[in-house]
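Please arrange chains B, C and D on chain A, whose structure you already have, making use of the hints.
4 protein chains.
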Amino acid sequence: MLSLTTFGESHGPATGGVIDGLPSGLFIDDAFIRSQLRRRNPEKLPGSTSRDEPDKVQWLSGLLNNKTTGAPLGFIVENKDFRPQDYALLKDIFRPSHADYAVYLKYGVYPMPGGGRASGRETVARVVAGTVAKTLLKKYRVDFLAYVSGIGGICARVDQRSLTSGSIQNALLGCPDPDAAEKMHALIQKTSAERDTLGGTVSCVIRNVPTGLGEPVFDKLQADLAKAMLSIPSVKGFEYGSGFGAAVKKGSEHNDALFSENGNIHTRSNNDGGIQGGISTGNVLCFRVAFKPVPSHGKKQRTVDLRGKPVEIQISGRHDVCIVPRAAVVVESMAALTLADHVLRFNARKH
Amino acid sequence: MLSLTTFGESHGPATGGVIDGLPSGLFIDDAFIRSQLRRRNPEKLPGSTSRDEPDKVQWLSGLLNNKTTGAPLGFIVENKDFRPQDYALLKDIFRPSHADYAVYLKYGVYPMPGGGRASGRETVARVVAGTVAKTLLKKYRVDFLAYVSGIGGICARVDQRSLTSGSIQNALLGCPDPDAAEKMHALIQKTSAERDTLGGTVSCVIRNVPTGLGEPVFDKLQADLAKAMLSIPSVKGFEYGSGFGAAVKKGSEHNDALFSENGNIHTRSNNDGGIQGGISTGNVLCFRVAFKPVPSHGKKQRTVDLRGKPVEIQISGRHDVCIVPRAAVVVESMAALTLADHVLRFNARKH
Amino acid sequence: MLSLTTFGESHGPATGGVIDGLPSGLFIDDAFIRSQLRRRNPEKLPGSTSRDEPDKVQWLSGLLNNKTTGAPLGFIVENKDFRPQDYALLKDIFRPSHADYAVYLKYGVYPMPGGGRASGRETVARVVAGTVAKTLLKKYRVDFLAYVSGIGGICARVDQRSLTSGSIQNALLGCPDPDAAEKMHALIQKTSAERDTLGGTVSCVIRNVPTGLGEPVFDKLQADLAKAMLSIPSVKGFEYGSGFGAAVKKGSEHNDALFSENGNIHTRSNNDGGIQGGISTGNVLCFRVAFKPVPSHGKKQRTVDLRGKPVEIQISGRHDVCIVPRAAVVVESMAALTLADHVLRFNARKH
Amino acid sequence: MLSLTTFGESHGPATGGVIDGLPSGLFIDDAFIRSQLRRRNPEKLPGSTSRDEPDKVQWLSGLLNNKTTGAPLGFIVENKDFRPQDYALLKDIFRPSHADYAVYLKYGVYPMPGGGRASGRETVARVVAGTVAKTLLKKYRVDFLAYVSGIGGICARVDQRSLTSGSIQNALLGCPDPDAAEKMHALIQKTSAERDTLGGTVSCVIRNVPTGLGEPVFDKLQADLAKAMLSIPSVKGFEYGSGFGAAVKKGSEHNDALFSENGNIHTRSNNDGGIQGGISTGNVLCFRVAFKPVPSHGKKQRTVDLRGKPVEIQISGRHDVCIVPRAAVVVESMAALTLADHVLRFNARKH
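Residue numbers (numbering that gives the first Met the number 0), protein chains in the order written: chain A, 0 to 350; chain B, 0 to 350; chain C, 0 to 350; chain D, 0 to 350.
Chain A extracted, bound-state conformation (with noise of 0.2 Å):
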């Protein structure tokens, strides 16, 4: 029912979106569009590409005095800072781990320089939709809290009970275990030295779900959120509740206890992570989400180019060392987007 389609590569003069299905009235606070777009281009963070984008959302149409009519909502981000000569010693060779390969098997033809549509630019478009999808939700007031759970091996420590949305975004590198992230981002250094990278996890918590979301069978609702996930650059696992934990526990162990109080009915654990049966109970929705290191790493390689000759490359230009700190607010949007779609179908069926 929320759709969302989106254009644009890396080399291009712009990227976009149209987001369809929205109510009318909705206010669209664009320092909100703009406070998010920054968590996923943050200007000073540690391992981070120095490219300065300041991915200014333009909207082409959809608003009036910043409320939605009703209409699609167009709206592009100019690509301001690309440099595509840094791009033009990797003509026509498949970078290790990239789509350069996949895609010159698709679609018959090298991927633009950048990746073309396969660069984690295109998360630009993302987070303008999943914040219009916060945004819908609002009345809901549900809250989206990723923050850096892992980095390298560094794992975080983190009470869930107590995140704020302010405490991840004050944290270092977003993640809120003081402790883990000083490690981590030590480690973030020494990679960077070394001309390597990190990959990491991500964790989400999601309160006030409103409940009797997500359909029973295929649509289920952990369903669509991992496809929103793995549909995520770099991502290369999903779990919710215990997640792969869950494969080691006995029935008696892992099951949800319900109790009432209060006349509100609970439940004593919630290794379900707020899903049961594909459908929302709306205990704490929590899910977890891998990436792998960023391919574009400083160090030689070997590899190919398209006619198969085998070519040692370096990749040089300004890459990332980890993207896992910025990834956080791309995994609240994609999660928002899922949230917000499921919202208005189960709207749809209030009779």
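Hints in this document: simulated from the structure, not taken from any laboratory.
It should be emphasised that the depicted structure is a prediction, and the values quoted were computed from it without experimental measurement.
There may be inaccurate statements among the hints.
Some chain B residues near chain A, calculated using beta-carbon distances under 10 Å [what the hints assert, rightly or not]:
no. : residue
1   : P41
2   : W58
3   : D91
4   : P95
5   : V102
6   : G152
7   : L224
8   : E238
9   : S251
10  : D255
11  : G276
12  : A289
13  : P292
14  : V293
15  : T302
16  : V303
C-beta atoms are modelled at their ideal positions from N, C-alpha and C, and glycine is treated no differently.
Just chains B, C and D now, kept in the frame of chain A:
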């Protein structure tokens, strides 16, 4: 492009579905369908329900002399051995970690005995349709190899290169590591005696995946696989290739170096699991799925009924101790549907 | 949001469908369904086939005590009185203006006896689902009034303001102009004696359409209605409001002047047929649909078989002289499905 | 499979769209796009608005050296010559037979000046995308021939077999019957002097349609064409082949007799308009579309404002007397999008 619509509840007269989008002229082999349904419901599987369902497919349309005509395939599988009396004691009671409470929140009705739609019974239609999808993929020689890789903390060690369909289907519990399988077997029997249940993991290896499957942004192949897997009842997590392990590796360790041999391009490692940038590369596709323990264990549990009144229940009746061995064919089926859909989408663009 | 998936061929064991997206708690009245199916297949209708099909719906899922549970409604209607021998002489022969040749071109297979999927039999599932959609719309008191407005050049004169459901269903041939109906009846009998067939038109008036239905660009209400109507077998044209007559009017004649009365806004004329800019205005929705004559007439016809060999055929067996009276309920059903879908879409946006 | 998402309002900075699902390697000829946009907005067309819009397409993504890469084509067309002051007097007033009142009912907001989304301006994106679709269809030599067949009661007599693209585009008003065109021209000038407006019809002939396009039940080719046509602003009716004329014919007159010639199967007549059973037969596809007169005429009109207060208005500013000549290319564009989508769907099933 390939669609499966399903219907049917555990308690009702039949479960079924409609498969649309198939090419005409495809030979549907009933013996193949039966063999796959038998994997979902083996006669003698330790730890599985004794419910005797021959699971015979009745085709209602779309076939002429066992070949597809291009019209939708409608089918039903009758529910023969349903015993609603098993559920009489649980009337209006929310079983912990079942869908009962969530379904009540969403629809305002207490689900039907046996969980209604949210029953493992629903996976029959997935296996029927998945086997049809495997038939569609036969001309590409796509080989689906899902096996039990863990039960209750016992992990199998498997050399994926030597896997065959036969070695899996002949193995105890569908786990091709005989030592681990023996231990799993013993654990299942011990847990059964304790009236408790177990979770586990299924790993899936798919060979000869056509190249170029998957869309570059939202419908990445791993995204659609993740959705397909998380739509299976009891699944809590999905990872592909190096999965969550990628989060602790460096880029220089993780990248899959490309090389050329006899005019073909390969990679030295397969951390990307056969997919790059959302698109299949022709490399072996591999992923892993986590299942939570069966929530219907036989120990006493505290819960509430739909008026919020606390009750203590003890679930009797036929229930699996561990559904993981029966789930492997469901995992393969959902993967086959996903790949077949993307093959059709790929074909559409051939120009 | 409301979906109907159908399956089944004329010659097969059953025709059926799956209706998904319904709210829970909707009472499905089997007598209402039967009454609508009876309109599609009346016992004694001049010019209609004598095939005796009681058309009994078997619900397979989605109902508990005749109320929807929110799960998909699966249903089948058995094909009881099929006589494949009627088609033996036509084996491999392309009947003129039937789908035989087109189906052969598309699927490479000769369609099954009776036209396979391309049979009027397929409309049974539309009427079942359309009646469910009418049930969904009951709370808005939406009133569907489709009637025969023309057969073989005889046009009915009908004051649409005085139409009622009863006046249509009691009228000869479902045509509420008694004089015209008599002439149509006579024409049908004469044409039957000539072994020929007739086409005609169905006009449809829908009262109490909720306002605001329809999307402003591609999914305009008239666009979805047009698609729904042109998907009915034998339909050749669709017009709404002033329709083709609009093409010869001037703007000053055609515009519907707005006025206000007792706080409500109305229009003095209704050339726009209850829809402006693709969106329902609350005014009476009216449209008209043209049906071609039944292609299975009993005169000699020249055609070819699938090897291109010229043959002369004479179609015997039971065939309608004119399906238009039976089609009125199909028109209503498709309109009801379209409106119900848009009601759900409208509800989704309520914020 | 081929999707067009559009955005943009008459009053906004730009109109645009995203075309997805295209094969890679397709050459997009900007001159071809310009020529088609020019048909929508000719420099000197009697009875058309003098608004000067060069309508220059800016491609934002999906192209490399003017060839498609397989990524979505994003594009915008700037709105250069908008004059909101023309609408100042109409603020909060519901123009008769415009979308104003319906949009207000649906969204609770008064549409933007110029009709917002419900403006003919929106068809720019249809023509851009439709021309891309024509490019996709070039390899099949599909030939789109839409022409003005009637304006204000004056009907053109055209031998469709002799039509060519050139003969239409060079003809006065795009009407290939010179006598009728002269009369239409005179009528437009007379009606313009009267400050009134005219409707008309567009007929469309499509040659070399690939066989086998269209799905047999709900997505019949004529159903998707009908939806596409009725989604065009001001369209009131659609008929294909013999259309409404079929309703007054007998089966023996109407059936298209098949014969074989040089190994190919043809029909002696084409009442079925190139489609049987919802599927294209390779015969010439032909249909006709009715447009209502432009609702913005310059005579005095009675209406109400959004508080229901009666007002008398007289619409000034630039408005077409008759948009039918400009609409022919929009009709072709929507037909091309429909056919291209079905070509991709057909290809998907090739096995």
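Structure-based check of each hint:
no.: 1; hint: P41; in the structure: violated, 21 Å
no.: 2; hint: W58; in the structure: violated, 21 Å
no.: 3; hint: D91; in the structure: violated, 13 Å
no.: 4; hint: P95; in the structure: holds, 4 Å
no.: 5; hint: V102; in the structure: holds, 6 Å
no.: 6; hint: G152; in the structure: holds, 4 Å
no.: 7; hint: L224; in the structure: holds, 8 Å
no.: 8; hint: E238; in the structure: holds, 3 Å
no.: 9; hint: S251; in the structure: holds, 5 Å
no.: 10; hint: D255; in the structure: holds, 5 Å
no.: 11; hint: G276; in the structure: holds, 2 Å
no.: 12; hint: A289; in the structure: holds, 4 Å
no.: 13; hint: P292; in the structure: holds, 4 Å
no.: 14; hint: V293; in the structure: holds, 6 Å
no.: 15; hint: T302; in the structure: holds, 4 Å
no.: 16; hint: V303; in the structure: holds, 5 Å
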